[in-house]
Amino acid sequence: MKFKTFIWFVGPSLFLMVLFIAAPLASVFLGSFRITQPVVQQIEVETCSAGFLAQTCTTELQTVPLIDEETGDIVTTTEWVGFLSYDRVLEPARAWAAITALDYNALMQIDFWSALRFTLMFTLVTLPLVIGVGLAIALAVNSAARSLRGPIIFISLLPFIITPVIGSLSIYWLFVGDGILTRGIEAWLDRDIAMFAQGWTIELLMLFYRVWHVAPFAFVIFYAGLQTVNQDTLESAIIDGASRFDRLRYVVIPHLMPLIIFIALIHLMDAYRVFDEIVGFRAEAHVTSLQYLTFDFLRPDDAGNRAFSRASASSMLTMLGIVVLLIPLLRRTWRDHKGSSH
Amino acid sequence: MFVKRFALAGAVTVAASAAYADGQASCDWENTTEVTMLSAAFEAWMAVSEGMAACGNFSPELDQEFRTKQPEGFAADPSLYQIGGVSNGTITPLLNQGTIRPLDDLIAAHGEHLTPNQLIQIDGDTMAVAMMVNTQHLMFREDILSDLGIDVPTTWEEVLAAAETIQEAGVVDYPLGATMKSGWNLAQEFVNMFGGFGGDFVNDDNTPNVNNEAGLAALDMMMRATEYMDPEYLVSDSTYVQQQFQQGTIAMANLWASRGGAMNDEAESQVVGLVASAAAPLAMEGGAPATTLWWDGIVIAANISDEEADNAFRLAMEGLDSETVAAAPEAAIWLIEGYTPNDMATGAIASATANPAPPNYPSTTQMGLMHTALGNELPAFFTGEVSAEEALAAVEAAYTVAAQEAGLLE
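The listed protein sequences derive, respectively, from chains A and B. Its first residue numbered 1, the first sequence is counted upward by one per residue in UniProt numbering. Its first residue numbered 1, the second sequence is counted upward by one per residue in UniProt numbering.
For the record, the hints were derived by calculation from the structure and aren't laboratory data. Nothing here was measured: the structure is a model prediction, and the numbers come from that model. A couple of the hints might just be wrong.
[What the hints assert, rightly or not] Derived SDA-like pairs (lysine to any residue); straight-line CA-CA distance at most 20 Å: (1) K69(B) - T36(B); (2) K4(A) - I21(A); (3) K69(B) - T115(B); (4) K69(B) - A109(B); (5) K69(B) - R299(A); (6) K69(B) - A302(B); (7) K338(A) - I260(A); (8) K69(B) - P300(A); (9) K69(B) - I74(A); (10) K69(B) - R101(B); (11) K69(B) - L298(A); (12) K69(B) - D73(A); (13) K338(A) - P254(A).
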């Protein structure tokens with residue numbers, strides 16, 4: 001292909017990738033190394049506020065930002081601070097002190113480390129479950145009667161169609177203090193149940209929810225893969241006396257391996273960014289995730305402050321985490337890819 | 001059966017719209033310029049925006065996420081909204097950015113019916129017009145308290161004693177409700193209690209000041225109260241507590257006055273006429289009620305032309321007139337002329353007029369940071385992971401970092 005033709009084909013996508021992926025990433029990366037602050041002044045302000053009967057006036061010292069007379073904008077200064085924001089997010093000194101003192105509880109008091117703990121646990125526990133459950137459904141559907149397959153596939157796919165926030169909210173409303181399911185279980189076991197009063201039950205619900213939500217996706221992919229399994233190999237395995245389990249282990253799974261790695265890649269990326277569940281289950285008091293941490297930094301308070309630098313640092317750290325998690329899988333894919341090209 | 005129910009639903013809708021038509025405010029002038037408003041979405045704002053809609057050409061945006069949208073929307077030039085609904089907590093970013101305009105000229109032209117009490121003045125300029133006050137007050141099931149012979153509690157110690165009696169009697173699922181959802185709500189509960197113990201959040205040099213006796217006393221009192229609550233109190237917000245009351249699962253709660261109207265809403269409440277209110281309980285003898293005073297009102301954008309501002313303000317005044325109050329007397333503790341407090345308002349008024357009076361919620365940049373730090377760090381205390389001292393130290397540390405990043409501290 002001529003270079004000019006090549007550029008005409010690739011150019012537009014390349015431009016969009018730079019615009020929507022590289023540029024924002026670079027700006028967040030820069031943002032994590034600098035802090036923009038308003039220039040503030042302390043002034044005495046007399047504020048008269050509404051009371052029920054009469055106005056109440058108070059004079060107090062207030063810290064307010066300086067406003068540029070000409071542009072009407074707040075005057076700000078931007079400073080390069082190096083790794084200060086990372087330091088503030090990671091709190092390495094405090095974390096190290098907790099680690100050397102073998103004080104798990106103290107380490108978990110640092111928002112980042114407790115969020116990392118949950119995010120990693122969540123990702124690594126749901127990964128095998130999603131693959132296992134997805135494969136199980138696919139095998140079940142594959143051996144079901146042809147007439148039943150359509151409806152079964154349709155029903156199995158439903159959890160995947162529901163928007164995560166809506167799905168987690170529905171589960172929340174089922175299990176909250178006076179939810180239908182809680183009431184039912186309470187009546188059955190004759191005891192008071194409060195699923196959202198402690199961390200581990202919330203974590204269990206979140207794990208359950210994520211597997212319920214993502215397994216259909218894995219199922220569809222595996223089901224497609226099962227259609228391409230070489231029937232001759234399977235039949236000869238049967239003749240050789242291979243049991244059902246052996247056939248699965250030595251024929252089906254090796255055949256599906258590239259798909260398993262694909263699912264694992266997608267799921268790792270998704271699960272490491274766990275966020276909807278935290279919001280949907282209102283889990284902030286007990287567990288948070290790295291994405292939630294970034295969200296929390298970015299959310300302005302009533303006075304309009306937001307911690308942009310720390311949010312940038314925390315999102316860069318999240319990205320770093322995903323990359324680290326993906327390295328083993330990517331290496332394997334790369335090896336396979338190189339192997340197959342010969 | 002289905003048809004019958006369907007017909008019934010239709011009838012209710014018709015009746016409701018008829019009621020609206022009756023209560024609908026009239027407007028004696030025709031609004032020809034497009035006016036938009038962004039405000040919170042509770043009953044009082046719905047009433048006000050209905051009053052304004054009567055003049056036509058008005059599109060209100062009632063959104064509980066207004067706090068996040070307002071600063072950016074008003075900073076745009078021209079501003080995305082002409083009118084903003086704010087409270088004393090959320091006016092700060094607008095004041096800091098200078099995106100709302102002084103209203104004195106407009107009040108002189110169109111605001112003859114406003115009372116001086118409604119004008120929010122900063123250094124002599126009127127920056128907002130308040131329409132209502134809001135505060136937490138003690139709401140309680142009158143029938144339960146009188147059945148058990150309990151006097152209406154006036155201090156938190158008495159609240160706990162009453163809760164103990166109610167718990168023993170076993171007449172409700174939980175004696176107490178509280179808006180202790182982690183984050184903003186939990187922080188607000190602490191703000192109330194800490195203020196009730198005479199605490200001061202931030203020193204004059206912007207350093208934090210919550211890790212002290214008042215802070216410990218506040219946390220201790222809150223923790224003792226949680227024993228009488230639904231164990232899931234860390235996910236319980238105002239709407240949740242309101243529903244607990246409506247479904248008869250709790251007997252007492254220190255709840256927002258603006259939620260009072262919902263108790264007697266026959267469509268959703270099982271306790272119509274049974275819930276009464278009293279002043280917010282005292283945290284300590286001789287102190288102020290453990291609550292904060294809030295006002296809600298309107299502001300006008302700075303980045304719009306004077307004609308637009310004039311028109312928008314004139315429209316806003318239609319929403320803040322006595323017709324709105326007449327149409328929705330229960331929706332708020334109105335500051336507008338023509339309001340006569342009903343039973344449900346007595347508690348809020350008693351809170352607001354107590355001596356010493358509870359403080360206005362402080363509207364400052366520091367308080368915004370402090371509120372966030374409290375909301376993020378206090379849950380660990382209530383889940384039992386850290387002690388009260390550790391939690392308060394963590395609050396101070398979180399506040400300090402945030403204040404450094406915001407340029408308030410070195």
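- Item | Contradicted hints - numbers only | 2, 3, 4
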